[in-house]
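Start counting the sequence shown at 0; every next residue gets the next number (numbering that gives the first Met the number 0).
Quick caveat, the hints were computed from the structure, so don't treat them as lab data.
The model shown is predicted, which means the values in this text are computed figures rather than measured ones.
Even for Gly, the Cβ is constructed at its ideal location relative to N, Cα and C.
Heads up, some of the hints might be wrong.
[As the list claims (entries may be wrong)] Here are the computed lysine-lysine pairs in the DSS-like style, where the Cα-Cα straight-line distance is at most 25 Å: (1) 221 to 250; (2) 221 to 177; (3) 252 to 36; (4) 177 to 227; (5) 221 to 328; (6) 269 to 298; (7) 256 to 316; (8) 316 to 277; (9) 227 to 113; (10) 177 to 277; (11) 186 to 70; (12) 256 to 59; (13) 221 to 59; (14) 59 to 298; (15) 221 to 211.
[What the hints assert, rightly or not] FRET-style restraints, in silico, Cβ to Cβ: (16) 199 to 348: 36 to 46 Å; (17) 185 to 143: 33 to 43 Å; (18) 144 to 292: 16 to 26 Å.
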Amino acid sequence: MKKLILFFIVIATISCSTKKQELEQVSVENSGLDSNKLDSLNAFLRSAGSSSLMILIDGKIAHRYGDVTKKHTVHSIRKSLINSLYGIAIEDGLIDTTATLEDLGIDDIDGLTKKERQATIADLLKSRSGVYHASGAVSKGMLRDMPERGQYAPGEHFYYNNWDFNVLGYILEQATNKSVYQLFEEKIALPIGMQDYEGEFTEIDGENPEAKIPQTDGFYQKEALISKYPAYHFRLSSRDMARYGQLYLQKGKWNGKEIIPETWIEISTKPHSITNSKYGIAYGMLWYVLYPNENRATKSFYHTGTGVHMLGVYPSKNMVLIHRVDTEKHYKFHQGNFYQMISKVFSSFK
Numbered sequence: 000m001k002k003l004i005l006f007f008i009v010i011a012t013i014s015c016s017t018k019k020q021e022l023e024q025v026s027v028e029n030s031g032l033d034s035n036k037l038d039s040l041n042a043f044l045r046s047a048g049s050s051s052l053m054i055l056i057d058g059k060i061a062h063r064y065g066d067v068t069k070k071h072t073v074h075s076i077r078k079s080l081i082n083s084l085y086g087i088a089i090e091d092g093l094i095d096t097t098a099t100l101e102d103l104g105i106d107d108i109d110g111l112t113k114k115e116r117q118a119t120i121a122d123l124l125k126s127r128s129g130v131y132h133a134s135g136a137v138s139k140g141m142l143r144d145m146p147e148r149g150q151y152a153p154g155e156h157f158y159y160n161n162w163d164f165n166v167l168g169y170i171l172e173q174a175t176n177k178s179v180y181q182l183f184e185e186k187i188a189l190p191i192g193m194q195d196y197e198g199e200f201t202e203i204d205g206e207n208p209e210a211k212i213p214q215t216d217g218f219y220q221k222e223a224l225i226s227k228y229p230a231y232h233f234r235l236s237s238r239d240m241a242r243y244g245q246l247y248l249q250k251g252k253w254n255g256k257e258i259i260p261e262t263w264i265e266i267s268t269k270p271h272s273i274t275n276s277k278y279g280i281a282y283g284m285l286w287y288v289l290y291p292n293e294n295r296a297t298k299s300f301y302h303t304g305t306g307v308h309m310l311g312v313y314p315s316k317n318m319v320l321i322h323r324v325d326t327e328k329h330y331k332f333h334q335g336n337f338y339q340m341i342s343k344v345f346s347s348f349k
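Please work from the sequences and hints to get the whole structure.
Following this line, the structure appears as structure tokens:
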């Protein structure tokens, strides 16, 4: 009996130490970054109101600013977080991306038309469903740009559509019989040793202007008067987000084990919809893509959250870039600062 108890203690200790293991940090001298320019970057982040920033190069911390352990709402980066869960579920045979909304019995409060119900899961992943029904967690910009109901057929037009993204969360949960937060903990957070994510979640009434953001790892934002499908928000620390980006940089592998199928990462970070030809920006499947053009020879991919949060994966530099702002409080950091931040990071390379 004593041996059995000791065995479980050892296993628990190993599990805990694996989960809490820090990423290795390299000295400035060995980072490939200019120390003076990093000082300038830090001063800028401080004055602009950044919460934290992390740069991983070759899987090691090359630079960090602020409290990288503090959790913040990731906003739209939630889409890239369930990208991995879709890749895994598809590989496991739980989801068929050719299935239509009609096949899955999906409808909504105002009712979907026959044409809208022909949208496939693949259309939703590309944000090309053609379903322009009201949805939760929609910004004013989304409402301004939303096409009319029935204006486009499924697969015909890209529109950054929270209805698509919210329904994807529902489909995933129905296919796996687990919440997106449990899935993320089991399939991603534990296998790659995230240090702060524990999978706790709750819900808020998105129609209540007095609703407060909970301090859990995730929360559903329900707006039952307009849609059946809640938005699923995540709250992550910068260091956990950095691990997630590193997992994609390593083509889905962690310590030699495949966590996300490499083929899925390749397919979902292809440019499926050109969103800005001038700057070479496209949307893939739940990721934005910087595709090769006359200004760059290789592909990178990223997602932003409310214009200030950043999860960027840059294979040509073997770099992951994380930037955070405490958007759960009043903040002054704006999109102009965001572009300045990126410029300063890239100018820091020797």
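Here is what the structure says about each hint:
1. At most 25 Å may separate the alpha-carbon atoms for a hinted pair to count; residue 221 and residue 250 exceed this at roughly 34 Å.
2. Proximity of residue 221 to residue 177 is assessed by CA-CA distance (about 18 Å); at most 25 Å being required, the pair is judged to hold.
3. The suggested pairing of residue 252 with residue 36 is violated, with an alpha-carbon distance near 32 Å, which exceeds 25 Å.
4. For the proposed pair residue 177 and residue 227, the alpha carbon gap of about 18 Å is at most 25 Å, so the pair holds.
5. Among the hinted pairs, residue 221 with residue 328 is consistent with the structure: their alpha-carbon atoms are about 21 Å apart, no more than 25 Å.
6. Restraint check for residue 269 and residue 298: satisfied, since their Cα atoms lie roughly 9 Å apart, inside the 25 Å limit.
7. Taken as a hint, the residue 256 and residue 316 pair is honoured in the structure, with Cα atoms around 23 Å apart against an allowance of 25 Å.
8. As the CA atoms of residue 316 and residue 277 are separated by approximately 23 Å, the hinted pair is consistent with the 25 Å bound.
9. Taking the CA atoms of residue 227 and residue 113, the gap is near 18 Å; set against the 25 Å cutoff, the hint holds.
10. Of the supplied pair hints, the one linking residue 177 and residue 277 is violated, its CA atoms being roughly 41 Å apart against a limit of 25 Å.
11. For the given pair, residue 186 sits about 20 Å from residue 70 by alpha-carbon distance, which is consistent with the 25 Å threshold.
12. For the hint linking residue 256 to residue 59, the alpha-carbon distance of about 19 Å falls within 25 Å, and the restraint holds.
13. Among the hinted pairs, residue 221 with residue 59 is inconsistent with the structure: their alpha-carbon atoms are about 39 Å apart, more than 25 Å.
14. Proximity of residue 59 to residue 298 is assessed by CA-CA distance (about 21 Å); at most 25 Å being required, the pair is judged to hold.
15. The suggested pairing of residue 221 with residue 211 holds, with an alpha-carbon distance near 13 Å, which does not exceed 25 Å.
16. A hinted range of 36 to 46 Å for the beta carbons of residue 199 and residue 348 is consistent with their spacing of about 38 Å.
17. The hint said 33 to 43 Å for the Cβ distance between residue 185 and residue 143, and at roughly 38 Å that hint holds.
18. Between residue 144 and residue 292 the beta carbons are some 24 Å apart, a value that agrees with the proposed interval 16 to 26 Å.
In this structure, the hints that do not hold are numbers 1, 3, 10, 13, in rising order.
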